[in-house]
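Engineer: The primary structure of each chain is shown beneath.
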Amino acid sequence: MRDTDINLEKRHSKQKYVFALLGITLLLVLFILGIIIYFVFARGISVINWEFLTAMPKNGMTEGGIFPSIVGTFYLVIGSILFATPLGVFAAIYMTEYANEGKIITTIRIGVNNLAGVPSVVFGLFGLGIFVKFLGFGVSILSGSLTLAIVILPTIIRASEEALMAVPDEYRHASLAMGATNWQTIKNVVLPSAMPGILTGVILGIGRVAGETAPIIFTAATYFQMRLPDSVFDEVMALPYNIYALVTAGTFPSKQIPIAYGSAVVLLSLVLLINLIAILLRLKFSRNQE
Amino acid sequence: MDWRKKEKIIKYILLFFALSSIIFLTGIVIVLFREGLPIFEKVGVLDFIFGQEWYPTYDPPAYGILPLLSASLLVTIGSMVLAVPIGLASSIYISYILPKRLKTFVKPAIELLAGIPSVIYGLFGMKILGPFLKDIFGLPTGLTALTASIMLGIMALPTIVSLSEDAITSIPKRYRDASLALGGTRWETISKVILPTASSGIVTAVILGMGRAIGETMTVLMVAGGAAAMPSSFLKPVRPMTATIAAEMGEAPVGSEHYQALFGIAIILFIITLTFNVIADLASRRFKKKVSGQ
Numbered sequence: 001m002r003d004t005d006i007n008l009e010k011r012h013s014k015q016k017y018v019f020a021l022l023g024i025t026l027l028l029v030l031f032i033l034g035i036i037i038y039f040v041f042a043r044g045i046s047v048i049n050w051e052f053l054t055a056m057p058k059n060g061m062t063e064g065g066i067f068p069s070i071v072g073t074f075y076l077v078i079g080s081i082l083f084a085t086p087l088g089v090f091a092a093i094y095m096t097e098y099a100n101e102g103k104i105i106t107t108i109r110i111g112v113n114n115l116a117g118v119p120s121v122v123f124g125l126f127g128l129g130i131f132v133k134f135l136g137f138g139v140s141i142l143s144g145s146l147t148l149a150i151v152i153l154p155t156i157i158r159a160s161e162e163a164l165m166a167v168p169d170e171y172r173h174a175s176l177a178m179g180a181t182n183w184q185t186i187k188n189v190v191l192p193s194a195m196p197g198i199l200t201g202v203i204l205g206i207g208r209v210a211g212e213t214a215p216i217i218f219t220a221a222t223y224f225q226m227r228l229p230d231s232v233f234d235e236v237m238a239l240p241y242n243i244y245a246l247v248t249a250g251t252f253p254s255k256q257i258p259i260a261y262g263s264a265v266v267l268l269s270l271v272l273l274i275n276l277i278a279i280l281l282r283l284k285f286s287r288n289q290e
Numbered sequence: 001m002d003w004r005k006k007e008k009i010i011k012y013i014l015l016f017f018a019l020s021s022i023i024f025l026t027g028i029v030i031v032l033f034r035e036g037l038p039i040f041e042k043v044g045v046l047d048f049i050f051g052q053e054w055y056p057t058y059d060p061p062a063y064g065i066l067p068l069l070s071a072s073l074l075v076t077i078g079s080m081v082l083a084v085p086i087g088l089a090s091s092i093y094i095s096y097i098l099p100k101r102l103k104t105f106v107k108p109a110i111e112l113l114a115g116i117p118s119v120i121y122g123l124f125g126m127k128i129l130g131p132f133l134k135d136i137f138g139l140p141t142g143l144t145a146l147t148a149s150i151m152l153g154i155m156a157l158p159t160i161v162s163l164s165e166d167a168i169t170s171i172p173k174r175y176r177d178a179s180l181a182l183g184g185t186r187w188e189t190i191s192k193v194i195l196p197t198a199s200s201g202i203v204t205a206v207i208l209g210m211g212r213a214i215g216e217t218m219t220v221l222m223v224a225g226g227a228a229a230m231p232s233s234f235l236k237p238v239r240p241m242t243a244t245i246a247a248e249m250g251e252a253p254v255g256s257e258h259y260q261a262l263f264g265i266a267i268i269l270f271i272i273t274l275t276f277n278v279i280a281d282l283a284s285r286r287f288k289k290k291v292s293g294q
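In the order they appear, the protein sequences are chains R and V. Each residue of the first sequence is one higher than the one before, starting from 1 at the first, in my numbering. Each residue of the second sequence is one higher than the one before, starting from 1 at the first, in my numbering.
One or more of the hints may lead you astray.
[Said to hold, decoys possible] Over the 10 Å line for every Cβ pair with chain V, so calculated as not near, a few chain R residues:
id, residue
1, G65
2, V112
3, F252
[As the list claims (entries may be wrong)] In the BS3-like style, the derived pairs of lysine-lysine whose C-alpha atoms are separated by at most 30 Å in a straight line are:
id, chain 1, residue 1, chain 2, residue 2
4, V, K107, R, K103
5, R, K284, V, K103
6, V, K107, R, K284
7, V, K103, V, K289
[Said to hold, decoys possible] Ranges between beta-carbon positions, derived for each pair:
id, chain 1, residue 1, chain 2, residue 2, range
8, R, F252, V, F16, 48 to 54 Å
9, R, M195, V, G138, 32 to 38 Å
10, V, F234, R, Y17, 39 to 45 Å
11, R, Q184, V, T104, 33 to 39 Å
12, V, T26, R, Y17, 49 to 55 Å
13, R, I105, V, K290, 19 to 25 Å
14, R, T248, V, L46, 31 to 37 Å
No lab work stands behind these hints: they were computed from the structure. Source: prediction; values computed, not measured. Quick reminder that beta carbons are idealized off the backbone N, C-alpha and C, glycines included.
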C-alpha cells in the first residue's frame, strides 16, 4: 500500500516537472514573437514621421519618404483581393452548396491543399511565365496582383468554406420551403449569414498579400520610383520588396538601413492591425453563434 | 428564363470557379515544364540533380544543383529539429493544460507569428540573430545554415502548433476519461493515450511545417549566406534552392540556359513540396478515419 503511495507521488511530481517544462516552452514561443515585434519597433520607430510616410523618396532611395511603397502595396492588395475574393467565394459556394460529397469535392480539396503548399517563389515564376511574358502584361501592378491573387486563393476558399458550412441547415430549409430556388437561398440567406466568416478570410488574405515578397520580385516590384504609378501596367514599389532591396543591395547602408527599418515598422503595424481585426471579428462571430 | 435552366447555368459557372485551384496548379506545372524542361535535355536529369557544381555564369557553365538541394534539405532538417519539439510541447500545453481564458489570448498570438511577413523574419535574422551567432561561435559571418535553420524553425512553429493542437483536441473525450478513470495521471494520459492516438495528425502538422520551411524564400535569401558550395557545416553559409531562384532570376536573360536552369530548380522544388503535401494529405485522412472511430 505504502509502495503505491510513493509511486503515485513520484508519478505526480514527474507530471509537475513535465508540465512546467511544457509551459516554459510555450513562454519561449511567445517570447520570440514579442522580441521580433520589439526589435522592429525599437529600430524603426524613430524614423517614422509624417514626411517619411507621405513624401517621395529622394537621391536614389537614400532620403525622403516611402509614400510610393505604401501606395504600391495598397494597389497590390486591392488588385489581388478583387481577383481572389469572387473566385474564392464562388468556389466555396460550389463546394458547400452544390457538390455532393464525393469525387469532385475530394479532387477540388486536394487542389486547394496543394496550391496552398506551393512555394512563394514558384508562384513568382508562374506569374513571370504567364502574366509578364505570355499575356504580355509586363512587370506591372496587374501581373503582380494576379500572381498574389493565386497565392491567397486557398486562404479565401478555406475561410469561405468554413463560414458557409457553419450556416445552420434550418436556414436553407426554411428558405427552400418558401419556394426560393437554390441560388436565391444562397444569395439572400446563406451568404449574408456567412459574411463575417468570409470577411475574416479576406482580411487574413490582405495581411498575407501585404507582406509577400517573392511572388512580386519578378512580376511587379521596382526598387526606386520618383512618381506614383498611373496605370495598372506600371511597375510599383512595395513595402516588403523595398525592405529586402534596401538591406541586401543598398549602396549607401548608413542612410538606407534606417529607411528599411522604418518601412518594416509600417509593414508590421499594418499586418498586426489586420490580424487584430481578423481576430476580433472571429471572436465576435463565434460569440454570436453560441 | 426558366428557373431550372438558370439554376443549372449557375451551377456550372460555380463549378468552373471551384476548379480554379486545379486549373492554376496545372498552369504552374505547364509553365515550369515549358520553361525548365530544356535544361534537363541539355544537362541530363541525373547530372542536373547530382552535379556538385553550380556555376551558371561561367564559361563553360556548370548546372549541378546538388549543393543547392543539399542546402535546402539541411536547413529544413535543422529547422525541424527546433520546431518539432518546441511546437509539439506548446500544442500539448495549449490544448490540455492552459486555462481556457488564457487560450483565447495565446492562440491568436501564435497565429500572429504566422502573419508576420517573411521579409521581417529575414531582417531579424540578418540584424539580430546573425550577429549574435557570429559572436558566440567566433565566425567570419553570422549568415549561415544554422541562422537559416533557426529562422525557418520559428516560421514553421505556428503551422506545427496550430495543426498539432487541432489534432490533439479532436480526439474524443472518452479516450481521456477512460485513461483517467483507470488511475492514470494527466501526463500519463497525454503521453500514453492522447499523443499516440494523435500521431498521424501530428505527422501531418510536421510535414506541412517542413513544406513551409523548404519553400520559404525571402528568409533564406537574406540569412543563409548565399554560398553555392556543397554544405559542409551548419556554421557555414549555404544557398538553398529558393534563394538561388530569387537571387539569380533577375540577371538571367529570358530563355537563356541559366533561365531554364532556374525553372529546372523550381521543377525539383515543386515536386518535393507536392510530395510533402500528398503525404500530409494521406496522414490527415488516416487520422480523420481513426478519430471518427472506423
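Engineer: Confirm or reject the statement that G65 of chain R sits farther than 10 Å, beta carbon to beta carbon, from all of chain V.
Structural biologist: Nearest chain V Cβ is 19 Å from G65 of chain R, so the label holds.
Engineer: Against the range 31 to 37 Å, how does the distance between the Cβ atoms of T248 of chain R and L46 of chain V compare: consistent or not?
Structural biologist: 34 Å, holds
Engineer: Can you tell me whether the CB distance of Q184 of chain R to T104 of chain V sits inside 33 to 39 Å?
Structural biologist: With Cβ atoms ~38 Å apart, the hint holds.
Engineer: Looking only at beta-carbon atoms, does the pair T26 of chain V, Y17 of chain R fall within the given range of 49 to 55 Å?
Structural biologist: Distance hint for T26 of chain V, Y17 of chain R holds at roughly 53 Å.
Engineer: Is the gap between the beta carbons of M195 of chain R and G138 of chain V within 32 to 38 Å?
Structural biologist: Because 57 Å falls outside the window, the suggested range is violated.
Engineer: For K107 of chain V and K103 of chain R, compute the direct alpha-carbon distance and say whether it is at most 30 Å.
Structural biologist: With a Cα-Cα distance of about 34 Å, the restraint between K107 of chain V and K103 of chain R is violated, given a limit of 30 Å.
Engineer: F252 of chain R and F16 of chain V, beta-carbon distance inside 48 to 54 Å?
Structural biologist: 51 Å, holds
Engineer: So F252 of chain R supposedly isn't at the interface. Is its beta-carbon more than 10 Å from every beta-carbon in chain V?
Structural biologist: 17 Å, holds
Engineer: Looking only at beta-carbon atoms, does the pair I105 of chain R, K290 of chain V fall within the given range of 19 to 25 Å?
Structural biologist: 21 Å, holds
Engineer: For the pair supplied as a hint, K284 of chain R and K103 of chain V, confirm whether the alpha-carbon distance does not exceed 30 Å.
Structural biologist: With a Cα-Cα distance of about 16 Å, the restraint between K284 of chain R and K103 of chain V holds, given a limit of 30 Å.
Engineer: Are all beta-carbon distances from V112 of chain R to chain V longer than 10 Å?
Structural biologist: The assertion about V112 of chain R is violated, with a minimum of 5 Å to chain V.
Engineer: Keeping to a limit of 30 Å between CA atoms, is the pair of K107 of chain V and K284 of chain R held or broken?
Structural biologist: 16 Å, holds
Of the hints listed earlier, those the structure fails to meet are numbers 2, 4, 9 and 10, in rising order.
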